[in-house]
Amino acid sequence: MEMELTINGHKRSLKFARGDSLLDLLRRYGYTGAKRGCDTGDCGYCTVIVDGEAVQSCVTPTKTVEGARVETIESLGTQDDLHPVQEAFVDNSALQCGFCIPGMIMNTTAALRENPDPSKVEARKAIEPVLCRCTGHKKPVEAVMDAAERLESSTGLSRGSEENIVEATDIGSKGATDE
Amino acid sequence: MSENPNKNSESITAQVESESGLPDIGTGDENPMEWNEPANNRKKPEDRESINRPVEKYDARKIVTGEAKYTGDFRRQFPDLAEAAVVRSDIAHGQVTNIDTSAAEEMEGVYAILTPDSDVVPDSVYTSAGQGYPEPTPWDLRVLREKVRMVGDPIAAVAATDSQTADRAARKIDVEYEELDPILDYRVAMDPESPQIHDSDEIENKQPGANYENNRQSSFEGEIGDVTEATDSSEHVLETEWETPYQSHCVPEPHTTIARRDEDNRYHLITSTQVPYHTRRQLSHLFDIPIRDIRVEKPRIGAGFGSKQAMVIEPITLALSIAADRPVIYETTRKEQFYAIRSRHPMQIRMKTAVSDEGALEAMEMDVLSNTGAYGPHGMTVAGNVGTKPLPLYPNVDNVRFAGDIVHTNLPIAAAQRGYGAPQGHFAVESHMDEVARDLGMDPIEFRQQNHVREGDLDEIAAILGDDEKHARRIRSCGLDECIQRGREAVGYDDVDQPDDPNQNRGIGVALVGQGSGVAGAELGAAHIKMNEDGTFILQVGGVDTGTGTDTMVSQIASEVLGCAPGDIVVHSSDTDISPFDYGAYASSTTYITGQSVKKAAENAKERVLTWAAGMLETSPDRLSVGGGDVTDEQSGDHVSLEEIGYESMYGEDEREHIMGEASHSTDESPPPFGAQFVDVTVNDQTGEFDINQLVFAADLGVAINPPLAEGQIEGGQSMSLELATGAGYEFTDTGVPKTISYKQYGMPRSTDHPPMETILVETHEPTGPFGAKSIAELPTNGVPPALSNAIRDAVGIRISTLPITAEKISAALNQLD
Ligand code: FES
Ligand code: FES
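Protein sequences, first through last, are from chains A and B. Heads up, the first sequence is in the working numbering, so the first residue is 1 and it goes up one at a time. Heads up, the second sequence is in the working numbering, so the first residue is 1 and it goes up one at a time.
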């Protein structure tokens, strides 16, 4: 089976099998930033943004994303030019093994578009879907707060606009090649 | 995290006694306070260029961009890769009588099916424990099993074209059993009427005290002085009992392995492991393949916490790839993680102490019964740490006895988990000490201050299970007094406001904690560093970065020595074909052991750098110093850059040399880091419900090489400790079938479940550690259960002695008070 969808700003036509989750599909096509920690929707490591909303891709049936706009961690910055949310996680030492971090960053990105000025409680809530075993969630909460400030003051990427993020994806589609 | 508590396998009872028969508390001559510390090891804060700085984590950028590659991310590199699935026992105890693979064999896309009889499946026993050789653990495992001893024992395995086909084929394999009665309660495992789980004849490398007729994997006992006499003659004897449950590692990346034969006809494994070198050796022995023909490569790993201080799935994956004659990946599921991989040992611990009227501890006795589950990896060594980590908080007690039994049940395998027995031990010791203080009418902190370890003490308790004085420890750094003082201020110990609601009661509890820095006398780390033309370096270490920041730490140590920026050090770890040998990431050893080998290797390279610089500047090496990427003649002020030295040494006219350094490090020392855990709690005395208002942890880790990364260790460690204190543990049916098989059922703490945490780093200087450093990774997993139990005692006057601590238990205890 085959279907069309937009991944990180690129229209793509992808083959999929019955029973494939969105996570299966993304990883097979090289978007391996999203990680598999449980396959049951509990850990949040596989979080991507579908039509503006953070979803656990492991429990998202592939069929349901036909025609949708999917954003993965690969759509954000590069190692030489990090996105403000990525920068905030780096500068706050809010990462250890890193396995949960793509999920953390995608949840944070989606949450800050909705609510660019979160309270500490809201920042905690933003990363609630992600079960980080390494950090005790303290530094990640600080990173969410810091990311909000960075987005606010950054000029290039104004904080709320999804359009801007989608445009930014054109730089971030490396690593994603056809099977 | 491994430790051999009983080096001398003949002596089960290792008493520290002199020939006269009198207790010999030791002179400590072998362990003097003085330490021959190189002058450059002690750097004043203002002289530190790279160490003790918040250097960006080495792998941070590839992690946040999603480019960091974990084992599962290598799939696309092997186009003919097959996926694996494993058929596991669904009964707790029994004998497999038939395995019908015919339906699976007929399926399209199935490349290999293995059963215990398959040729490629080794017939010998082994241990999964990633420890030194020979492992202080019995060889009691088989790759695939006909006798099953727990739900989850692997019986058959499949490799197929994709994971859906592999899963379907595995489900079509039909297994018949003859069921046996299981043991589901470890407290009755040694009863004569309990069924026998292991046949002694089938086990090799048995450990001291093994008695498989009684389901005892091993036992130990050690004594200093005479505890019976001391307790008999004391007025204040207190005896208590404590219990701790199973805990899952919840390791973020499920165990994943790729195995293949490469073009050189060698076996290449990419695997999520904390112990690449131990795994290589163990695979070689198990499969009878020469070590030279095995390569174990560790990419990024999604943490370990001890679950990967083990060779769990590598043998099945390798056997499948040999049978299928193609690369195979086996990625375990979260469900397998909960019931079939590894967990923390449940334990029952009895404590007894004698104390003088004035509050001086005179005797301590500890007995531990540990449930190692169906198999015994790390069984004895974990139980040994239950005593040898917390009891040395009080090293000046003259009479100490510590004994343990490690028993089998038909429940999940317990093994190494961050803390390695110390969390269970601290729950018993530090909750018990609180009761002792209260019995005497003393403030719990004051009582501890009167008895706790201090710099200069000779700690023999750490070696109580050993057979010589070698591993008695001279405590050369101890910041406990400052930890207590600063933690006490931060939590507001001396000024507790009670809530207005009379049913709400606030209390504060404290627990002291200690750990080690590597396994004393049983570690080896090695490093190799080579210079590039441009004055940068490539550093190879076998030490494994499990996410803690090892790669960052070693780059800081090397750059501090060589006077370059940390970013000028490229770090390679770890690949057994390339990296120097290392025991791996366990026992909080990497900073102390691997870090010290890096420091020595960098110093070797520096010597060559200075020799070349002296030639170029026409001066002598002893006038030179490094810093800021230059080598400078301190008298003349002349300098030459590392880059100029790099080019000159490689392309010079007359002489040429590749500047390199290499070193190994092993030691009998294992200095403990120390800490004070505080918990501030509010308890409702009607319902038993409680809220943790704050966690405060003050840690003495020597000199922190990277302070924010050290804080991260403390925060994450406390989170695991909080879960041990309040989490639900595992549930089983009455036939031993695990009911806790998902995150949802287990309930790992989320960001919204966390109380605020405050982290305090207390600097001391450990002369035996690289630039004064000790360990940190395991220390903070020890404190929350006792500190919370103590806080609740403080708030509402009742004692919870079994984990988890729940509102129901508190309310039941309150009802008994009334
Ligand atoms: S892998 Fe999707 S939520 Fe865990
Ligand atoms: S950084 Fe390891 S799970 Fe979050």
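To be clear, the hints were calculated from the coordinates, so they are not data collected in a lab. Every residue, glycine too, gets a C-beta built ideally from N, C-alpha and C. Each hint should be verified, as a subset may be incorrect.
Have a look at the derived ranges for each label pair, beta carbon to beta carbon [to be verified]:
| hint | chain 1 | residue 1 | chain 2 | residue 2 | range |
| --- | --- | --- | --- | --- | --- |
| 1 | B | P756 | A | E149 | 53 to 59 Å |
| 2 | A | D81 | B | D443 | 37 to 43 Å |
| 3 | B | K744 | A | G52 | 47 to 53 Å |
| 4 | A | G52 | B | E179 | 22 to 28 Å |
| 5 | B | Y133 | A | S13 | 52 to 58 Å |
| 6 | B | D443 | A | G52 | 36 to 42 Å |
| 7 | B | M660 | A | E66 | 55 to 61 Å |
| 8 | B | Y133 | A | E66 | 37 to 43 Å |
| 9 | A | D80 | B | E655 | 36 to 42 Å |
| 10 | A | M3 | B | D162 | 18 to 24 Å |
Here are some of the chain A residues that sit facing chain B, going by a computed Cβ distance under 10 Å [as the list claims (entries may be wrong)]:
| hint | residue |
| --- | --- |
| 11 | G41 |
| 12 | K63 |
| 13 | F89 |
| 14 | F99 |
| 15 | P129 |
Listed below are several chain A residues computed to face chain B (Cβ distance under 8 Å; list not exhaustive) [said to hold, decoys possible]:
| hint | residue |
| --- | --- |
| 16 | M3 |
| 17 | T6 |
| 18 | C38 |
| 19 | C43 |
| 20 | G98 |
| 21 | T135 |
| 22 | G136 |
Original post:
Regarding K744/B and G52/A, is the given constraint of 47 to 53 Å on their beta-carbon distance met?
Top reply: violated (26 Å)
**OP:** Could you check the hint for me, namely that Y133/B and E66/A are 37 to 43 Å apart, CB to CB?
**Re:** violated (56 Å)
Original post:
Using the C-beta atoms of D443/B and G52/A, is the stated range 36 to 42 Å upheld?
Top reply: violated (56 Å)
Subject >> When the least beta-carbon distance from T135/A to chain B is tested against 8 Å, hint result >> reply: holds (5 Å)
Subject >> Residue hint G41/A, partner chain B, criterion CB-CB below 10 Å >> reply: Holds. Min distance 9 Å.
**OP:** With 18 to 24 Å as the target window, see if M3/A and D162/B comply at their CB atoms.
**Re:** Given range 18 to 24 Å: holds, Cβ gap about 19 Å.
**OP:** Go through the hint on P129/A and say holds or violated, using the shortest Cβ distance to chain B against 10 Å.
**Re:** holds (8 Å)
**OP:** Verify the interface restraint on G136/A: the C-beta must sit less than 8 Å from at least one C-beta of chain B.
**Re:** Holds, about 3 Å.
**OP:** Would you settle whether the hint for G98/A is holds or violated, based on the nearest Cβ-Cβ distance to chain B being less than 8 Å?
**Re:** holds (3 Å)
Subject >> Interface hint outcome for F89/A [beta carbon to chain B under 10 Å] >> reply: holds (5 Å)
Subject >> Assessment of proposed distance window 52 to 58 Å (beta carbons of Y133/B, S13/A) >> reply: About 54 Å separates the Cβ atoms of Y133/B and S13/A, which means 52 to 58 Å holds.
Original post:
At a threshold of 8 Å, is the proposed contact between T6/A and chain B supported by beta-carbon distances?
Top reply: violated (18 Å)
The structure is inconsistent with the numbered hints 1, 2, 3, 4, 6, 8, 12, 16 and 17, although it conforms to all the rest.
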